[in-house]
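Asker: As numbered in our numbering, the sequence shown has no gaps in its residue numbers, which increase by one up to the final residue, 218.
Hints in this document: simulated from the structure, not taken from any laboratory.
Be a bit skeptical, because a hint or two may be false.
Cβ-Cβ distance ranges computed for the label pairs, FRET-style [claimed, not checked]:
hint, residue 1, residue 2, range
1, Tyr-145, Glu-29, 41 to 49 Å
2, Leu-150, Ile-195, 28 to 36 Å
3, Lys-169, Met-216, 57 to 65 Å
4, Glu-28, Thr-141, 39 to 47 Å
5, Leu-150, Gly-113, 29 to 37 Å
The list that follows gives simulated cross-link-like pairs (lysine-lysine, DSS-like), each with its CA atoms no further than 25 Å apart [as the list claims (entries may be wrong)]:
hint, residue 1, residue 2
6, Lys-132, Lys-210
7, Lys-169, Lys-35
8, Lys-89, Lys-200
9, Lys-200, Lys-164
10, Lys-210, Lys-18
11, Lys-89, Lys-18
12, Lys-89, Lys-48
13, Lys-35, Lys-48
14, Lys-89, Lys-51
15, Lys-18, Lys-35
16, Lys-18, Lys-48
17, Lys-169, Lys-89
18, Lys-169, Lys-42
19, Lys-200, Lys-21
Note that CB positions come from ideal geometry on N, CA and C, so glycine has one too.
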Amino acid sequence: MNGEKVPKVRFTYFEEEWEHRKLGEVSNKITEKNKENKFTETLTNSAQHGIINQREFFDKDISNEKNLNGYYIVCKNDFVYNPRISNYAPVGPIKRNRLGRTGVISPLYYVFRAHSIDKNFLGHYFDTTIWYKFMELNGDSGARADRFAIKDSIFKEMPIPYPHLNEQKKIGDFLDRIANTIDFHQKKLVKLSTLKKAYLQHMFI
14 MNGEKVPKVR FTYFEEEWEH RKLGEVSNKI TEKNKENKFT ETLTNSAQHG
64 IINQREFFDK DISNEKNLNG YYIVCKNDFV YNPRISNYAP VGPIKRNRLG
114 RTGVISPLYY VFRAHSIDKN FLGHYFDTTI WYKFMELNGD SGARADRFAI
164 KDSIFKEMPI PYPHLNEQKK IGDFLDRIAN TIDFHQKKLV KLSTLKKAYL
214 QHMFI
């Protein structure tokens with residue numbers, strides 16, 4: 014939050030000043046446990062890859078599939094804060110479950126469900142570094158070197174930019190299209206790299 018009332022780059026026809034809402038005003042913390050092991054896919058929150066299957070990230074299951082009843086349920090479009098810090102996420106990443114399915118995640122993570130705000134807009138906001146300052150100013154001292162510590166009650170106070178819902182949707186959809194284009198070309202690049210390696214193996218003697 015830098016005190017500015019409007020962004021430097023803006024879509025035409027939007028003129029109202031932006032407001033702010035507390036995270037706790039536009040989301041609810043989710044603490045629903047996976048009773049009777051109803052869901053078996055364990056998820057993790059990667060700073061680089063977002064919400065993904067734990068096995069894909071670690072190349073093995075860290076959790077015990079037979080004892081996931083203490084894990085939190087993460088539904089489609091829920092958000093997850095991972096307090097583990099890294100070079101890519103110095104205060105820990107906040108990512109949205111875009112897998113299109115429900116899974117479970119360790120109770121060490123903070124899971125929340127957004128309402129009264131465009132989820133695409135909110136998700137892309139957490140891709141910025143703007144909210145880092147709030148975390149750095151309000152985090153607890155004496156935390157473990159590899160984890161960021163902040164009380165839930167303080168975390169919910171995080172200020173979230175809040176333009177008109179129509180503008181939120183416009184921004185969210187626009188940034189989604191860019192992200193999808195990047196993803197498409199990255200996958201295409203991987204395929205071309207694989208194809209090149211195959212040719213290299215067969216075009217020389």
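Asker: Compare the structure with each hint and give your call.
Answerer: Cross-check of the supplied hints:
no., hint, result
1, Tyr-145 x Glu-29: 41 to 49 Å, "violated, 26 Å"
2, Leu-150 x Ile-195: 28 to 36 Å, "holds, 32 Å"
3, Lys-169 x Met-216: 57 to 65 Å, "holds, 59 Å"
4, Glu-28 x Thr-141: 39 to 47 Å, "violated, 23 Å"
5, Leu-150 x Gly-113: 29 to 37 Å, "holds, 36 Å"
6, Lys-132 x Lys-210, "violated, 40 Å"
7, Lys-169 x Lys-35, "holds, 6 Å"
8, Lys-89 x Lys-200, "holds, 23 Å"
9, Lys-200 x Lys-164, "violated, 39 Å"
10, Lys-210 x Lys-18, "violated, 52 Å"
11, Lys-89 x Lys-18, "violated, 32 Å"
12, Lys-89 x Lys-48, "holds, 18 Å"
13, Lys-35 x Lys-48, "violated, 31 Å"
14, Lys-89 x Lys-51, "holds, 16 Å"
15, Lys-18 x Lys-35, "holds, 16 Å"
16, Lys-18 x Lys-48, "violated, 45 Å"
17, Lys-169 x Lys-89, "holds, 21 Å"
18, Lys-169 x Lys-42, "holds, 9 Å"
19, Lys-200 x Lys-21, "violated, 32 Å"
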